[in-house]
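> Protein chains in written order, with the numbering used here: chain H, 1 to 285; chain X, 1001 to 1345; chain W, 2001 to 2274.
It should be emphasised that the hints constitute simulated quantities derived from the structure, not laboratory data. Careful: at least some of the hints might be erroneous.
What follows is a list of derived Cβ distance ranges for each label pair [claimed, not checked]:
#1 Glu-1276/X / Ala-206/H: 53 to 63 Å
#2 Ser-2233/W / Phe-54/H: 30 to 40 Å
#3 Leu-2059/W / His-68/H: 35 to 45 Å
We treat Cβ as the ideally placed atom computed from N, Cα and C, and that holds for glycine.
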Amino acid sequence: MSDRTKIILLLLPALSVIGLLFFGGLAIGLMRSFNYMPVIGLTEPNLAAYVAIFSDREFYLSFALTFHIAFTSTVISCVLAVGAALLLRRAFIGRVIINFLFQLNLTVPHLVGAIGILYLFSQSGSFARLAAEWELIARPAEFPALVYDPYAIGIILQYVWKEVPFIGVIILANMQTIGEDYESVARSLGASKWQSFRHVLLPLIAPGLSSASVIVFAFTFGAYEIPALLGANYPAALPVLAYRSYTDVDLASRPEAMAIAILIALLSAAMLCAYIRLSRRGMGR
Amino acid sequence: MTHVSLQDLTKVYPGAASPALDRLSLEIASGDLVAILGPSGCGKTTAMKMVAGLLSPSAGNILFDGRSVLKDKPNERGSVMVFQNHLLFPYMTVAANVGFGLKMRGVDPVQIAQRVDRMLEQVRLPGLGGRKPSELSGGQQQRVALARALIVQPKVLLLDEPLSNLDAHLRLEMRDLIRTLQQEMSITTIFVTHDQEEAVILADKVALILDGEMRQYDKADMFYRRPADGAVARFFGGRNFIPGTSDGASFEGPFGSVKLPPDAMAGRGELTFRPENVVLGGCGPNQLACLVAQKTFLGTQTRLILNTGGTSIEMTGNPAQFDGVRVGDHITISLPPDTLWMLTA
Amino acid sequence: MSGADGVFTRSFRVITALVLIVWLVLPLIPLGIWSFAKGWFFPDLLPRVWTLDAWEYALSDTAGVMDSLGLTIYISVCATALSILVGVPAGRALGMYRFRGKAAVELAILAPTIVPGIAVALGIHSVFIWLGLANTVNGVILVHLIPTIPYMTLVMAGVFANHDPAFEQQARSLGATPLKTFWYVTLPAILPGIVVGGLFAFLVSWSQYILTLLIGGGRVVTLPLLLFNFATSGRNDIAGAIGMIYILPGVIILCLTARHLSGRSSAVGGYGRL
Chain H
1 MSDRTKIILL
11 LLPALSVIGL
21 LFFGGLAIGL
31 MRSFNYMPVI
41 GLTEPNLAAY
51 VAIFSDREFY
61 LSFALTFHIA
71 FTSTVISCVL
81 AVGAALLLRR
91 AFIGRVIINF
101 LFQLNLTVPH
111 LVGAIGILYL
121 FSQSGSFARL
131 AAEWELIARP
141 AEFPALVYDP
151 YAIGIILQYV
161 WKEVPFIGVI
171 ILANMQTIGE
181 DYESVARSLG
191 ASKWQSFRHV
201 LLPLIAPGLS
211 SASVIVFAFT
221 FGAYEIPALL
231 GANYPAALPV
241 LAYRSYTDVD
251 LASRPEAMAI
261 AILIALLSAA
271 MLCAYIRLSR
281 RGMGR
Chain X
1001 MTHVSLQDLT
1011 KVYPGAASPA
1021 LDRLSLEIAS
1031 GDLVAILGPS
1041 GCGKTTAMKM
1051 VAGLLSPSAG
1061 NILFDGRSVL
1071 KDKPNERGSV
1081 MVFQNHLLFP
1091 YMTVAANVGF
1101 GLKMRGVDPV
1111 QIAQRVDRML
1121 EQVRLPGLGG
1131 RKPSELSGGQ
1141 QQRVALARAL
1151 IVQPKVLLLD
1161 EPLSNLDAHL
1171 RLEMRDLIRT
1181 LQQEMSITTI
1191 FVTHDQEEAV
1201 ILADKVALIL
1211 DGEMRQYDKA
1221 DMFYRRPADG
1231 AVARFFGGRN
1241 FIPGTSDGAS
1251 FEGPFGSVKL
1261 PPDAMAGRGE
1271 LTFRPENVVL
1281 GGCGPNQLAC
1291 LVAQKTFLGT
1301 QTRLILNTGG
1311 TSIEMTGNPA
1321 QFDGVRVGDH
1331 ITISLPPDTL
1341 WMLTA
Chain W
2001 MSGADGVFTR
2011 SFRVITALVL
2021 IVWLVLPLIP
2031 LGIWSFAKGW
2041 FFPDLLPRVW
2051 TLDAWEYALS
2061 DTAGVMDSLG
2071 LTIYISVCAT
2081 ALSILVGVPA
2091 GRALGMYRFR
2101 GKAAVELAIL
2111 APTIVPGIAV
2121 ALGIHSVFIW
2131 LGLANTVNGV
2141 ILVHLIPTIP
2151 YMTLVMAGVF
2161 ANHDPAFEQQ
2171 ARSLGATPLK
2181 TFWYVTLPAI
2191 LPGIVVGGLF
2201 AFLVSWSQYI
2211 LTLLIGGGRV
2221 VTLPLLLFNF
2231 ATSGRNDIAG
2241 AIGMIYILPG
2251 VIILCLTARH
2261 LSGRSSAVGG
2271 YGRL
């Protein structure tokens, strides 16, 4: 058997499953978003669904909210994760515990984290009760709305809780591979601690940090259950909006759901391209 | 020009049973190029990092021109360390690497560019400033690392195994470059190495550390001619160690009596001499009759194992010189007195 | 640079570490307390009455939590087994060979790890309705392959990249058939990788929500769906108990594989999807 045949046979099962399910699912979604489905007699593709969502104010609000959630969560998580990795790089009491908790946190599903955040930050949650205990508030309604709120604070808190360990573990491994000698060189050449971080360590971990943040951004942009649990009703995050339109009693709104799904896919495809470029650059050095 | 003194410099890593470096004391005169030589793991790099301020000593002191620098941060100390694997910043161009130290000091970019160009010329890499480190050969990378250190005009230059990653022909080139620049800029330079050849060809003076202890601090040729003890002689490739007694003028051993140099010590001990200093044929004093027991061709040299007086002697020389010599032959050799040395037992 | 840190730096580090530790465990604490609470109303900091009611309910035969647990395990085990079968050969091709179009294949396999489930699940659902796979356990297992296969493949590609084919050639030259070579030489070498990859693939499937919700159409009620329902209907005590059960496999797997779980292994990439 030639190598070529062997490679094709080895890859065939994986590529057919992914091709059929993943790319097939995308293709069907794309067709239906254009109202094109010859099997059920829709043979005239049109842009009605896209026109409908682009003329709907809620879509823009949803998009802005979703982008805000993804962007803010990613930025905060990256900053905190780098800080945590810098902390964990040194030996000190508690490092073992944090390392373990980081890994434990990686295995906890997002949904559980979201429920935890709900019980902590809702208006009758643990923090509200603490505030009542210290007589800062008298009734639950006086506690600031941190979940179901228009700024998606609860959602962002949950993502930060989950993604700081995720990015942190990647960056920490990255730092351990790089070692401390580059920074030593920089210090010896006259860089201050901050300069050696800014001009040497940060550029060295940048490829790993950016590919991790691409994964986080794409996830936080497209996840359903967290905004469904912790988000406000209006505007809802895009995945929630898509699911609602899809399960609407009015079957006519299904193409609109498909169109939103396609837009989410497009944005994450852009993220995927960014990821590939970043990881290539990372390997190139 | 900076005089460096290391006083009882000691480093014990947390949890380690024995110190990584035990009470190293060394005086390095201004503008000297000194090698700290020792086998891997003897604490050489630890010593360098402490001088550079990248590690703090557990005990002892480091003085530049009589002033303790222990409290100075690495970026304020005026010493620059060049690491063995040169550690050029991979994402920066060569020029950005060389100009790094000046940029950290807030030097004007135009001036940095000029000084970088001049520095690259001095290390014989003109016009390569726009390249990435990965596009350079190992020898070129090493020179960029040197340029990056020299451009900040350090008081003390610290080199970690500066020649060890280079091919034989590049080593000589790099050695000449380091010597020339070091003397032009008259920078006190310390380097560490495990390779006695590297130490000898580069340094004014060599400090040899064996078993965590400094055995000898001397000019390079003295390690061959006047080794401090048997371990030093063996580290430098000594092969002949003949037990016997000396009265200060001559040595009494298994093959009779041989004349010693005037500064030799008296008492029981070992006579040592280097294989390459044994002379074939009888001329001058200290002639010995020997049986050729073994002859091995080593490429540029030939080695003979000779038996005399119940002991064996190793000699090496130009292969052509031994053309007529066969195993089993009886030959005469001589040991010139000034190539002999007595070691205490 | 160590040893040069002052008291200030050290105490700053300890304080940050403490804050970090508290923050990491904080969301799990009320969940655990709720599972033992009865009528824990505002503004009580701790429940007035502690009970095992929620746990009794969750562990009883009639409540359906145990059925749901069994179903979730069944789905995740099936999805893991299938992704091992498919992912191991694909990982071998990607880890051991260079070929034309490799970048495109890698891209195709990487894509499902980045593109969110909802973006593909809507399209799949309309086809699954037509194929009779919608609202079925089999349909859910199939759709779970979308996140698990890429993951398994990438882990195995990493394993095979460090696998020396010379051992297999040696076995062949000693007279082993291809099948025996695989069984006695290749498999023992890659088994640890398969185990670790498989455990993580299990976790990836275990944590799927939207794919199950859409394709299962509410008929295939896995643990996360049940958890979501109890959490949104205000049964915090039962949600707490289910939540504790739900994180258990992850904790067990963590303890089994802690050694392998450094960021350097490709395995961590998959956690972004949990």
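> Run every hint past the structure and note whether it holds.
Hints versus structure:
{"no.": "1", "hint": "Glu-1276/X / Ala-206/H: 53 to 63 Å", "in the structure": "holds, 55 Å"}
{"no.": "2", "hint": "Ser-2233/W / Phe-54/H: 30 to 40 Å", "in the structure": "holds, 36 Å"}
{"no.": "3", "hint": "Leu-2059/W / His-68/H: 35 to 45 Å", "in the structure": "holds, 41 Å"}
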